[in-house]
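Enquirer: Given next are the chains, with one letter for each unit.
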Amino acid sequence: MTFMTIPSTISGGPSVFQVRIGSGEVLSAGDEADVLLAFYQHSYENHLAALKRGGIVVYDSDHVEPNQDCEKDYHQIGVPISGLTIEAIGGTARDKGKNIFALGLVAKMFDLDAPKLEKLIAERFGGKDESVLQNALNAFHAGYGHALGNVIETFQFVESQKRSGHQVVMSGNEALAYGLIAAGVRFGAGYPITPWSDIMELLRRELPKYGGTFVQTEDEIAAISMALGASYAGRVSVTGSSGPGISLKTEAIGWGVMAEMPVVIIDVQRGGPSTGMPTNVEQSDLNIAVHGGHGDSPRVVLAPANVEDCFLTAIEAVNIARQYSVPVIILSDQAIATRIEAFEEPDLEKLCQDISPDFTPVAEHKPYDLGASGGVTRHLPPGTRIGSGKYPVVTGLEHDEMGHPSGAPKVHEQMVAKRRKKLQKLAAELPVPAVYGPPEGNVLLVGWGSTQGPLREAVDRARGAGDSVSALHIKHISPLPNGLEDIFAGFNHIFVVEMNDEGLYGYGQLGGLLRARFCDPKIRGITKTDGLTFKVKEIMERARNNVASGMRRL
Amino acid sequence: MTFMTIPSTISGGPSVFQVRIGSGEVLSAGDEADVLLAFYQHSYENHLAALKRGGIVVYDSDHVEPNQDCEKDYHQIGVPISGLTIEAIGGTARDKGKNIFALGLVAKMFDLDAPKLEKLIAERFGGKDESVLQNALNAFHAGYGHALGNVIETFQFVESQKRSGHQVVMSGNEALAYGLIAAGVRFGAGYPITPWSDIMELLRRELPKYGGTFVQTEDEIAAISMALGASYAGRVSVTGSSGPGISLKTEAIGWGVMAEMPVVIIDVQRGGPSTGMPTNVEQSDLNIAVHGGHGDSPRVVLAPANVEDCFLTAIEAVNIARQYSVPVIILSDQAIATRIEAFEEPDLEKLCQDISPDFTPVAEHKPYDLGASGGVTRHLPPGTRIGSGKYPVVTGLEHDEMGHPSGAPKVHEQMVAKRRKKLQKLAAELPVPAVYGPPEGNVLLVGWGSTQGPLREAVDRARGAGDSVSALHIKHISPLPNGLEDIFAGFNHIFVVEMNDEGLYGYGQLGGLLRARFCDPKIRGITKTDGLTFKVKEIMERARNNVASGMRRL
Amino acid sequence: MLRRRIDETRFVMSSTTTETPGRSNGNPSVAQSPDGGRKPLTKKDIAADHPTWCPGCGDFSVLALYFKLIEKRRIWHEKITTVAGIGCSSRFPYFVQGHGAHYIHGRALPFATGISLTRPDLHVFVFGGDGDAFSIGGNHLNHTARKNLKMTYVIMDNWVYGLTKKQTSPTSPIGFKSKTDIWGSVDHPINPMKQLISAGATFVARTTHTNPNHVLQMMEAAMDHDGFSVIECLSECVEFYDGAFDASNPRKGGTFNPVPEDHDVTDEFAAYKLAAEPFPGYFGVFYKIDRPTKNANEAKINTQSREKFKGLKDWQILQKNFDRMK
Amino acid sequence: MLRRRIDETRFVMSSTTTETPGRSNGNPSVAQSPDGGRKPLTKKDIAADHPTWCPGCGDFSVLALYFKLIEKRRIWHEKITTVAGIGCSSRFPYFVQGHGAHYIHGRALPFATGISLTRPDLHVFVFGGDGDAFSIGGNHLNHTARKNLKMTYVIMDNWVYGLTKKQTSPTSPIGFKSKTDIWGSVDHPINPMKQLISAGATFVARTTHTNPNHVLQMMEAAMDHDGFSVIECLSECVEFYDGAFDASNPRKGGTFNPVPEDHDVTDEFAAYKLAAEPFPGYFGVFYKIDRPTKNANEAKINTQSREKFKGLKDWQILQKNFDRMK
Ligand SMILES: Cc1ncc(C[n+]2csc(CCOP(=O)(O)OP(=O)(O)O)c2C)c(N)n1
Ligand SMILES: Cc1ncc(C[n+]2csc(CCOP(=O)(O)OP(=O)(O)O)c2C)c(N)n1
Ligand code: SF4
Ligand code: SF4
Ligand SMILES: [Mg+2]
Ligand SMILES: [Mg+2]
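Protein chains in written order, with our numbering: chain X, 1 to 554; chain C, 555 to 1108; chain A, 1109 to 1434; chain H, 1435 to 1760.
FYI, nobody ran anything at the bench for these hints, they're computed from the structure. One or more of the hints may lead you astray.
Under the rule of at most 25 Å between Cα atoms (straight-line distance), these lysine-lysine pairs were calculated in the DSS-like manner [as the list claims (entries may be wrong)]:
1) A/Lys1396 <-> A/Lys1381
2) X/Lys535 <-> C/Lys964
3) X/Lys209 <-> H/Lys1742
4) C/Lys964 <-> C/Lys979
5) X/Lys209 <-> H/Lys1754
6) A/Lys1421 <-> A/Lys1434
7) A/Lys1396 <-> A/Lys1176
8) X/Lys537 <-> C/Lys964
9) A/Lys1434 <-> C/Lys606
10) X/Lys410 <-> C/Lys670
11) H/Lys1502 <-> X/Lys390
12) X/Lys119 <-> C/Lys964
13) H/Lys1760 <-> H/Lys1744
14) C/Lys904 <-> A/Lys1418
15) X/Lys350 <-> X/Lys209
If we strip away everything but chain X, and leave its shape as in the complex, we get (with noise of 0.2 Å):
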């Protein structure tokens, strides 16, 4: 198509090459290639001769099957590219849309120039049928828009995983994924949908293995049921979604709050409302998150900020719901489901956990004993038997300490606060985060989930400059954890860095939360809604504009 210059920071790769889309191509000017795009097996093995030593082969996961042993020498990056470009513009639209989507692929991953190669392909496709570039305008978002990482991450990722052989590399679905498996999860249910599938695809592939199951259902609500069943019958388990089928879960989850059921539900976050952008980035789903429920309905809602993250995220999740009796929900997101990190290999030996029943006979219980310490009780499965001859029952109704139906007002006061209580108990025992940077300043940047990447960043750059910045990842979402307010006194600014939207009154959803909260006009926020993971620079912008004008308003 045309010629184009590598930001020189890529370090190792050609300063010029030649991109030409097109099955099998390789991206090369020279004889040996750095970057080979397969998009089928037949392309993948014949061409991966001319790449280069610890040159990049991006496949398409959905037609070829790596060769393992080629692990060693290339860069390996599978990419679901036939179906990712069905997903965003419903089919592939002649193998046009396929390259197109590989093209802004390689753009994100390169940094290339996007407007410029819009221009481009508005050149190209901008035929009398309009629909057709916009087609291709589409998959080419969808590619830019998968949020792959930067290759240059990838690089050195991956590099230094060589020299230490103690880094493993996958990406954020699959690390909370086995983090489920090593948190002892062996049961899950789950109902098909962009970008919260992978997980379900691998639990339902190696559960067996550990002689669990999992169960796509005919739809979200039955997914969660079943998991609500699963975790009644014993052992914690697992349900997801993303979008829509997040929406569909609330009932279900508000009876596991009422129930005080344990169960684990992932929100693999994409753009939204409605079906939205399925293959974009978003964390718009914060509010339903924790507010997404009839009645006063609290639960446990975690973030997890990088790859790592999410594998430890799964493993807290499960022992949360485990021990407050409580839905605990995963906030991650299309950018970290997808992203290929490494990190330090994790001691499997150290953290996988038996958490299979105990069925040792008891002499009496309560399930909903109001005498239980900060209000925590445990479930008891189905199968313990139980001396005195008085078996609990699990219920959406109000309730006494048996389970058993009750409207005394006094019940249901005490039944209410009971369920607060015990995440206040919670929240106290949380660990209060760490600031990135000195403790006290002019400016906070507060973030959540995956922006954690790009926030110190710019920290680092802000102080680079002399600027005084600091930032506050907070990946307990609710409960917060306590503490927070002291944090917030050494600062004169706190914005809050969202991939959302500034909402009616100027703030995004955790922004929104921490004002309710702390009742300090000095918080507002950085929000954004164009899909795309924040750069580096516009987060530093934004923060330098608010700065101003909120001089002007203070």
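Chain X is fixed; fit chains C, A and H with the ligands onto it per the hints.
Expert: Using the frame of chain X, we list chains C, A and H with the ligands on its own:
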């Protein structure tokens, strides 16, 4: 069962009467009955004569067809006693269930000493099978919790209505349903659930008279989908539910927001979470109404203050939905739903509107025109011929101005902003709510929904006692009207009084909204979760204590 | 006033539910269209966006035949509405130049019901996939069938989840290797024809995208049926289930068996037996009976309810209720 | 470790799916219960709260017979779990002394599936009403049936919504005057037997609360079936649909027709014909076949997947994946 004294507050009532609950029993000590409680048609007919003129007959509307001619001689109050008992305890548990429910009802109506009655019930039913007692107590609490309102009020309303022929008497559910009819709604769909069912049953019965239709669907998702389909077809339609049914509508409401499709959703709140307390009042659905959708999905939320307001709010909701092409949620609650009030008869000829769709051909049409002022576009129904030959698609995918899918960052940014801005425009057009009492002072009691009555009475009594207290009732929950900050500035303490939980951080659901927006720490909560309506003195005491404690805090 | 007009049409419909299909297709535009002069729409007028489907996807033919149907039956833009759920097949409305709605996954039927019950002047066509229809949407399908809503539903069955990239569908045969059944599917698949017949659908047909004339025939018959008419159209997913339907495609060495001449379409048991035949089975109308539509039933209720209020304005009808509440 | 034990049981199940019901009811406690010495539970041990149902409600008999079943089959508290959705009938678990779950409306089956697939040592019994089963829960019913989950489901059908006070149910006959159809219901009701048979349920029976022995018989047969066993039990709602089933009750001048001796329960068409009989129709087992359960299919996948990892600890299996990701 026993003799007890009626609080002398009951004007004209006997100072003593014997409570003997039983089929068709007369509640009286003398010859002429003041109150007749009729469970069956025969008891109604046989005993009505024994009732003194102006007396009250409470009948089981599930079994008794009242005689319209008696309207002028007696105050006839129909209560679906059998049904409510069944809904509350899952059957009538030998007719005892109904009797005890009725006892609870009477206790509430005449403000009898509930704890004392509970003790009596315990003595009476405390046999060896404790569950019998539990059933009896559940029935009692259901009756007591059934917010029929205090008979004295009813008396007064009915009296006043006797004086001037210009008042009508009805329940909040009836007022909402008739309001929708006046507004021109001719299609609705729903699934049964208490306390919403009355509305659907009334619309099912009445709409055909106007050439309309109401469909009982297979579930709540089908219900809102049908309503959205009928709205799409050209005329704003209605659906509704309570508790779990509201959670189930989450996904489809999100579609309405994204597709910018007008629709009215009625939520008659009951005790939650989950199945919760079907026959008790609570104001705990504000969070899901405002925040209960994945993605950024701003919608309109209104809450009527009393029965008359139900009628007017229904009309306002329909017109906002049409004008702003947005789903509008009406948050009623079990207290207004069943409370019978009299109000000035509305001028139906003036109020009734014809909202039939207009199919006049247009030259061209952009369903999501970004040029539209304030982002407000109007839905163009199928059946309309479009000169340009370019027809719109309404969709839940992010889309361009014609409704065709687009993943372009700019488009998502602009469309998210469009959906937000049109509600900001609405907010600017909303009336600033009027303060009840002086516009400046020490304490401002902020309320929403059915608490308006008790709040105003609290203000009157407090001011009578020399305290500086005013009240503000917020009907427009989302978007909030502009200008509230100016009102809040006039008070030292702002207490948001709500029938919901204090939450993890010490304030209720509207409290959270207001604190987030205004970041004013003097905004605090007065909440409760006993499933009963607020007593005036309850509010006053709580306010007094909070001021005291608040002082310490400041 | 429109509402009144609708009621009249409703009344017409309810009174013609037993007439011959030709007359009772409930589309005024065909019979009494004032636009008689307008020249019929051509493919050019009806085609919208260039479809995004993969080259060779069966959905292309279904779309082409929908265009043909509109052309042939001289339906105007403003007389039709195209509704779909979510899926590759459900992208349908974007490719049609006419009023369309792209609703949520599995719920297109109740949405279309809202249109059908309030707009008897419109043809309501619903398109969607097997997952949309039988997995998440299965219950709506059964209830729309038993209530017999006037509309046409074309289920584009490719035995797989296309849009979400190859998961098992309720119609996937046992052994099908998908991303959620790498060892091959183990769940007994549903039988679309059996489900529809037993649920009480009044028009049940089966066709395949590889036989265009047959698809068009079925679409016409469905459109002319006064009630809920469903067509299961095999529509191959070349990307994720290549060759799934070869056994039904003569050009691929398969056989296309039309429903036997002597099959009685009003015989439920015979239809059920036909449905039990192993793949490729039969193609054509399995079942077709006359039963009052929900549209007609509700129209009757309206007419009866309105009798007492002849000549009254809406506000006067409401006033009567209010007078009783004084 | 429990998980391992479960897998063995699973394996047993998968290898015995074709054995005689008596052996394959998947309940270790009956066959090899170590509690042999314990004396069987009596009604006193099994009865919990005093039921809140209206006097004369048919649900009382279903409850009484569930107690009888537990007594007769010597099932221990810890070997059974009772699950329900929402409705009068769904209050069931509160009245049973044993582990129970009162879930949400219409979703009891997927909840019970979670138990069934992870706890082959338990009897899973689900109870609920016609609205719970066929209205909001209709799709879960079909998919649980086709997947053939090992559990017993008793649908207490009273042709009406009881708990919510008399609205039309999917099983209400045309003409039934309810609060949502004051002129009488107009929608074609579903046929529970037809829906279950066509959906692929492997055990489908029909009984009525007025014939206690028959109810118990059906419950026993259902419990002994290795797969998804469903019983539609007519259970009168005396409050809102008094006398609905008189025509099936000899004591009310009706007739109770048992399924004909010569009926072949493995013949799908015969069963479907039987289901088409007008009320009161027949009572007994309509359909019963052997098809591998979802439980057995998944157990087989487990055994095969675990072959390669014999003797490895869980963390070692996971380590193998991590090693590949270095
Ligand atoms: C509530 C919800 N769940 C899941 C999805 C994801 N999803 C989109 S289409 C689809 C199924 C596609 O299969 P099918 O209906 O057969 O259509 P096809 O693509 O095969 O034509 C799914 C699961 C969604 N959009 N919404
Ligand atoms: C999601 C949801 N929708 C509606 C309800 C209200 N509801 C409770 S039970 C019921 C149906 C009762 O009928 P059925 O299932 O036949 O049980 P029955 O009371 O007749 O035994 C309904 C609609 C609910 N609890 N949850
Ligand atoms: S993925 Fe399959 S169904 Fe979807 S467009 Fe491609 S071929 Fe058609
Ligand atoms: S209402 Fe009907 S179903 Fe419910 S308990 Fe009473 S009789 Fe039984
Ligand atoms: Mg499909
Ligand atoms: Mg019922």
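Enquirer: None of the hints should be skipped; say for each whether it holds.
Expert: Checked hints:
The straight-line distance between the Cα atoms of A/Lys1396 and A/Lys1381 is roughly 15 Å, inside the 25 Å bound, and the hint therefore holds. Distance check on the hinted pair: X/Lys535 and C/Lys964 sit about 16 Å apart at the alpha-carbon level, within 25 Å; holds. Our distance criterion of 25 Å between C-alpha atoms is met by X/Lys209 and H/Lys1742, whose separation comes to about 8 Å. Restraint check for C/Lys964 and C/Lys979: satisfied, since their Cα atoms lie roughly 22 Å apart, inside the 25 Å limit.
Proximity of X/Lys209 to H/Lys1754 is assessed by CA-CA distance (about 12 Å); at most 25 Å being required, the pair is judged to hold. Of the supplied pair hints, the one linking A/Lys1421 and A/Lys1434 holds, its CA atoms being roughly 21 Å apart against a limit of 25 Å. With a CA separation close to 24 Å, the supplied pair A/Lys1396 and A/Lys1176 stays within the 25 Å bound. Our distance criterion of 25 Å between C-alpha atoms is met by X/Lys537 and C/Lys964, whose separation comes to about 18 Å.
Under the criterion of a C-alpha separation no larger than 25 Å, the hint pairing A/Lys1434 with C/Lys606 is consistent with the structure, at around 21 Å. A threshold of 25 Å between alpha carbons decides the hint, and for X/Lys410 with C/Lys670 the separation of about 15 Å falls inside it, so the pair holds. For the hint pairing H/Lys1502 with X/Lys390, the CA-to-CA distance comes to about 19 Å; that is within 25 Å, so the pair holds. Annotation: proposed proximity of X/Lys119 to C/Lys964 holds, straight-line Cα distance about 15 Å (limit 25 Å).
For the suggested pair H/Lys1760 and H/Lys1744, the alpha carbons sit about 24 Å apart, so the restraint of at most 25 Å is met. Distance check on the hinted pair: C/Lys904 and A/Lys1418 sit about 21 Å apart at the alpha-carbon level, within 25 Å; holds. A distance of roughly 19 Å separates the Cα atoms of X/Lys350 and X/Lys209; the hinted pair therefore holds under the 25 Å criterion.
Hint check: no violations occur; every hint is consistent with the structure.
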